[in-house]
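Enquirer: Given the coordinates of chain Y, work out where chains R and B should sit on it, guided by the hints.
Protein chains in written order, with UniProt numbering: chain Y, 1 to 352; chain R, 1 to 207; chain B, 1 to 618.
FYI, nobody ran anything at the bench for these hints, they're computed from the structure. Note that the coordinates shown come from a computational prediction; the quantities given were computed from them, not determined experimentally. A hint or two may mislead.
Stated by the list, open to error - Cut-off 25 Å, straight-line C-alpha distance, at most; resulting in silico cross-link-like pairs (BS3-like, lysine-lysine):
#: 1; chain 1: B; residue 1: K55; chain 2: Y; residue 2: K288
#: 2; chain 1: B; residue 1: K601; chain 2: Y; residue 2: K73
#: 3; chain 1: B; residue 1: K419; chain 2: Y; residue 2: K75
#: 4; chain 1: Y; residue 1: K83; chain 2: B; residue 2: K272
#: 5; chain 1: B; residue 1: K532; chain 2: Y; residue 2: K83
#: 6; chain 1: Y; residue 1: K26; chain 2: Y; residue 2: K288
#: 7; chain 1: R; residue 1: K24; chain 2: R; residue 2: K178
#: 8; chain 1: Y; residue 1: K74; chain 2: B; residue 2: K419
#: 9; chain 1: B; residue 1: K26; chain 2: B; residue 2: K610
#: 10; chain 1: R; residue 1: K18; chain 2: B; residue 2: K55
#: 11; chain 1: Y; residue 1: K288; chain 2: Y; residue 2: K315
#: 12; chain 1: Y; residue 1: K297; chain 2: Y; residue 2: K352
#: 13; chain 1: R; residue 1: K18; chain 2: R; residue 2: K92
#: 14; chain 1: Y; residue 1: K83; chain 2: B; residue 2: K538
#: 15; chain 1: Y; residue 1: K238; chain 2: Y; residue 2: K288
#: 16; chain 1: R; residue 1: K168; chain 2: R; residue 2: K98
#: 17; chain 1: B; residue 1: K272; chain 2: B; residue 2: K419
#: 18; chain 1: Y; residue 1: K26; chain 2: B; residue 2: K55
#: 19; chain 1: B; residue 1: K272; chain 2: B; residue 2: K532
#: 20; chain 1: B; residue 1: K419; chain 2: B; residue 2: K488
#: 21; chain 1: Y; residue 1: K74; chain 2: B; residue 2: K272
#: 22; chain 1: Y; residue 1: K73; chain 2: B; residue 2: K272
#: 23; chain 1: Y; residue 1: K74; chain 2: B; residue 2: K532
#: 24; chain 1: Y; residue 1: K26; chain 2: Y; residue 2: K352
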Amino acid sequence: MKGWMGKIKALALLSSLALFLSGCGKDNLTALVPKGYGSEVSFNLIILTTVVMTFVFLAVIITYVIVLLRFRKKKGQEDFIPKQVEGNQTLETIWTVIPIILVIIMAVPTVIHSFTLSDTSEADEHINIDVTGNQYWWHFDYKDEGFQTSQDLYIPQGERVYLNMIASDVTHSFWVPSISGKMDVNVDNENTMYIEAYEEGVYWGKCAELCGPSHSLMDFKVIVVSPEEYDQWIADMKDVDPEAEPESAVAQEGKELFEENNCMGCHAIGSSPAQVGPNLTNFGDRTKFAGFLDPTKENLVDWIMDPESIKPGNKMTGNYPDLSEDEADKIAEYLMQLQPSEVTPDSAGGLK
Amino acid sequence: MSHDHSLNPETMPQDPEKATLEGKNKFMGLWFFLGGEAVLFASLFGTYLALRNSTADGPASDEIFGLGLVFVMTMLLLTSSLTSVYAMYHMKNNDYSKMVLWLGITALLGVGFLACEIYEFAHYITEYGFTFRSSAFGSAFYTLVGFHGGHVLFGLCWVISLLIRNAKRGLNLYNAPKFNTFSLYWHFIDVIWVFIFTVVYLMGKVG
Amino acid sequence: MSVTATQKRSVGAVLWDYLTTIDHKKIAHLYLIGGGFFFILGGLEAVIIRIQLIKPENDFISAGFYNEMITMHGTTMIFLAAMPILLGLMNAIMPLQIGARDVSFPFLNSLGFWLFMFGGLLLNCSWFLGGAPDAGWTSYASLAIDSPGHGVDFYVAGLQIAGAGTLMGGINFLATIVNMRAPGMTYMRMPLFAWATFITSVLILFAFPALTVNLFLLMFDRMFGSAFFDVALGGNTIIWQHLFWIFGHPEVYILILPLFGLFSDVFSTFSKKRLFGYTAMVFATMLIAFLGFMVWAHHMFTVGLGPVANSIFAIATMAIAVPTGIKIFNWLATMWGGSITINSAMLWALGFIPSFTIGGMTGVMLGSAVADYQYHDTYFVIAHFHYVIVGGTVFGIFCGLHYWWPVMFGRILHEGMGKLTFWTFFIGFHMTFFIQHFLGLMGMPRRYWVFLEDQGLDLGNLISTIGAFFMSFAVIVFIINIFYTAAKGERPSPDPYDGRTLEWATASSPPPHYNFAQLPLTRGLDPLWIEKMEGNGKMTPAEPLGDIHMPNGSILPFLMSLGFFIAGFGFIYQVDHSAWYLALYGGMAFALGCMVVRSFKDDHGHHIPKEELEREAD
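Chain Y extracted, bound-state conformation (with noise of 0.2 Å):
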């Protein structure tokens, strides 16, 4: 049996070495390689306390095998009387004021960490970038610059960004593993987080508290760009011209469809504070549409054809006319030419 028990353990602790040996998991998703400050200082943590609780597990599980291999009941003993005994106060002590150092080493870098991660004190010096949370979708307005955007945060590489995030609807959280641990999103105050990664690329960011039936799609990226890049990108978007004629007759037609279904009642292409669904000024760099699908035009024109087989609950559905096939292609192909900016998240590495 207790053999068994062993291997049992054995195999279970392989097996996940195993898993965690083969990879941590996505590289721009996980929280085990840390790529930004605020996961950095987590995963320390994580690091020191699993290290301190398997140091405990063994204590236990060595006892527990000694106790299981030396104290069975054994044959022609049956009638054995162990010595009944009432405690021992040495050892009792033993086990109680070792864990309350163990507690200690644990708690003070947490508190002292507590602290660090969340002083806002130096925020106006940085990067502020208000954040809504939305059923199911993330709005980023650029305050200090006078645009917004959504879906795709865009921040500079070593700098910090603080992020004012309120939710418009449900509560919501915003969590990019890789950069920072998580924050909640809340209807009834601002909460403000910083951000700051060390290295380019595009991150997965994740809505973290559960928000109605597309909780599970409410994906969005952090596309962290040079601090050049950054610039360039600030540039560009403030310069935006929201009335630009398209290039291709095709997209024409498709901004005069998007104008005449009176799309932008929820969707802005430009600046406007107005956020009843995603701003799409940019919409033509994307890493992923709605959040999470590949960004082909197929994609698009099934999205606008019928966003709730895609998403369920999301708000689009039944709040514009019903667009034909071709109308939904013409749309599709004016909304895939917005790309206002040389910046994109390819300059980042792109989404992989």
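Expert: Frame of chain Y, contents of chains R and B only:
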């Protein structure tokens, strides 16, 4: 234990309400129940404190509260607590009719309190348009004070049922614990009111 | 065995007996049946969840239905399966352990059960009436207010009714332990399970009212237009989170402490040693319970409460590891130097130690607020609390069922099937949940209907799902074992395990309905063991044989609960049509009417005459 639970001054135990196992259980059970009730009201107080300034441009506490009526209500309820003590005193002396008298007075005072509260609520609604739905403050106020009022109402139903049921039976070891638990409950209601008076009305008017 | 007990009775008579029973042992049966039913239901929901997550972007069930599944799985398992089964074990065993003939409030005891049962049924009616609640078992206010349909209304009404029942159960156990211990049974001679019942009941008493209030607030907001959680009118949804966790964290200790008590008894019995460090164990339990009320905000580290609150709650959370560690080491020390018998009951207890230790470890890790920014609301948390609730509570429940089956049903469960259940469940459990720690850290948040392709989450989820099938198989074997045992199980003596405490000192298995013809005299910790060691073999009576006073059964608890059940529908549907007020007021009036009947009809109970006791003893 005999089937005849009636008492006479000779067989009267020291504490008739705790002379039987049932009595002891009721006594202990009610104390535990009040412990739970304390948490219930603590949660309501916490909610009220969090929301008492969330008036959403509706009436605020210092505009509407009048301490005069609330003071009368406090006096009514405090006095009723005292009269229920008298009732228990007479129960221990095996004086059934006086116990009934004092419990009757307790109930009357409770009815008076409740009438004032109903008047107060009606006043807020008609005069200020301040309702349960006006603002988070309104919801929290009516819920906290209303829960207390509901407890008073329940206590009244309880004591009246007891008085009717035992009108012709006199005191015995079966019903003594019942009267006693009611009295304990009534004190608890009173204590909660003291907190409401302080936290809701005084702090609302002054704080 | 008495003649009457062996007579065949009609199904109707048995049914009526159970509907009206106020015998704590029969109420225990009801709790086990009710809780067992919901356990299977919750298990099916879990399997459906795992099938949905067997591969990326699966479309086995729809997104909305998935949210209903996770909500109902959590709610059912915690409120309708684990808690009732625990209340069942407490009901069955605790009065015997303290040498009582019944509980303090037999009527309330029955009422508590029926409220739970009708509350649970009301909640589950939602499946057939337009959809179950879908805002998660925590039902955070902003989403719960936003949720369309009546699902969340069923959550509110069902839990309100079931919660009231649980509160009654808690008060009843407290008064019982204070007032009804047998002669000589001082507090510090009580078995650990009785102690755990006492402390758990305190937790129930102080935790459930917070849930009651919270449910009222949500009910008022959803059904009567108040503005507690309506931000536009000044409401605040964080209040829900605070009140929910002020209830919710003690709740997890309500789920685990009884099992700590049970495991203490089991380790002691099967090692043939008295519990190591009894006093420390009692005080550790108290300390855990006390700290359990001080740590609720560790569920809210990411809410933005600020670094001061986060630090305080982080330290308090880690501090719980100390008394829990004391317990684990005391259990090991109890077995150290003992003569350990391993049967299916003991296997569950042995399986518990490593499993629960892992759950405790990850608990401390989660307590580190800064690390929690990564763990929070991911599969790491799912893994953690399943290690605690399955590895602790469910293992404990299985352990208790195997251990006390003879006391409760007069049969002994089949050993072979018991061991098969354990091993498949144990392997399946670790397969399902160990991997989830890593899934969480690799970026999989909890409550995700689908996970996307090519995010490195496929293999882990597949393994996890396969593990769930193993656990399902184990439960099926256990159900077969129950039926097999009922038909062909061995009839044990009243003391099949060489027990140490009073539940093994009854005259028959199962015990007669009055438990002890003469109350036993307790002379120390492990009273039965003391008598055995001194060669008496059975308890010394503390009183001469005499008439026994027992309470009368009643159908009123069932009817009252039915009234509240009907009123529940009234509350839920009055928003649609005012005709439903009829159900609301009608149900309430019916329940209150039953209360009046109860008050106005004197019930002095009945006496079992001495002669009958003597006859039965022969």
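Enquirer: If a hint holds in the structure, say so; if it doesn't, say that too.
Expert: Now for the hints, and whether the structure bears them out:
1. About 21 Å separates the Cα atoms of K55/B and K288/Y, which keeps this hinted pair within 25 Å; it holds.
2. Taking the CA atoms of K601/B and K73/Y, the gap is near 57 Å; set against the 25 Å cutoff, the hint is violated.
3. Restraint check for K419/B and K75/Y: satisfied, since their Cα atoms lie roughly 21 Å apart, inside the 25 Å limit.
4. Between the alpha carbons of K83/Y and K272/B the distance comes to roughly 9 Å, so the proposed pair stays at or under 25 Å and holds.
5. As the CA atoms of K532/B and K83/Y are separated by approximately 15 Å, the hinted pair is consistent with the 25 Å bound.
6. At most 25 Å may separate the alpha-carbon atoms for a hinted pair to count; K26/Y and K288/Y meet this at roughly 17 Å.
7. Taking the CA atoms of K24/R and K178/R, the gap is about 11 Å. The hint holds against a cut of 25 Å.
8. Restraint check: the Cα-Cα separation between K74/Y and K419/B comes to about 20 Å, which is no more than 25 Å; the hinted pair holds.
9. Restraint check: the Cα-Cα separation between K26/B and K610/B comes to about 23 Å, which is no more than 25 Å; the hinted pair holds.
10. Only pairs whose Cα atoms come within 25 Å are accepted, and K18/R paired with K55/B is rejected, the gap being roughly 65 Å.
11. The straight-line distance between the Cα atoms of K288/Y and K315/Y is roughly 19 Å, inside the 25 Å bound, and the hint therefore holds.
12. Distance restraint check for K297/Y and K352/Y: the Cα-Cα separation of roughly 20 Å lies within the 25 Å cut-off, and the hinted pair is therefore satisfied.
13. Among the hinted pairs, K18/R with K92/R is consistent with the structure: their alpha-carbon atoms are about 11 Å apart, no more than 25 Å.
14. Using a Cα cut-off of 25 Å, the hinted pair K83/Y and K538/B holds, with the two alpha carbons roughly 21 Å apart.
15. Proposed proximity of K238/Y and K288/Y is supported: the alpha carbons are some 23 Å apart, at most 25 Å.
16. The suggested pairing of K168/R with K98/R holds, with an alpha-carbon distance near 14 Å, which does not exceed 25 Å.
17. Between K272/B and K419/B the CA atoms are separated by roughly 21 Å; this keeps the pair inside 25 Å, and the hint holds.
18. Of the pairs offered as hints, the one joining K26/Y and K55/B holds, with about 16 Å between alpha carbons and a cut-off of 25 Å not exceeded.
19. The hinted pair formed by K272/B and K532/B meets the criterion: a straight-line CA distance of about 12 Å does not exceed 25 Å.
20. In summary, the hint linking K419/B to K488/B is supported, as the alpha carbons are separated by about 18 Å, within the 25 Å threshold.
21. Pair hint K74/Y plus K272/B holds up; C-alpha atoms about 13 Å apart against a cutoff of 25 Å.
22. Using a Cα cut-off of 25 Å, the hinted pair K73/Y and K272/B holds, with the two alpha carbons roughly 10 Å apart.
23. For the hint linking K74/Y to K532/B, the alpha-carbon distance of about 22 Å falls within 25 Å, and the restraint holds.
24. About 9 Å separates the Cα atoms of K26/Y and K352/Y, which keeps this hinted pair within 25 Å; it holds.
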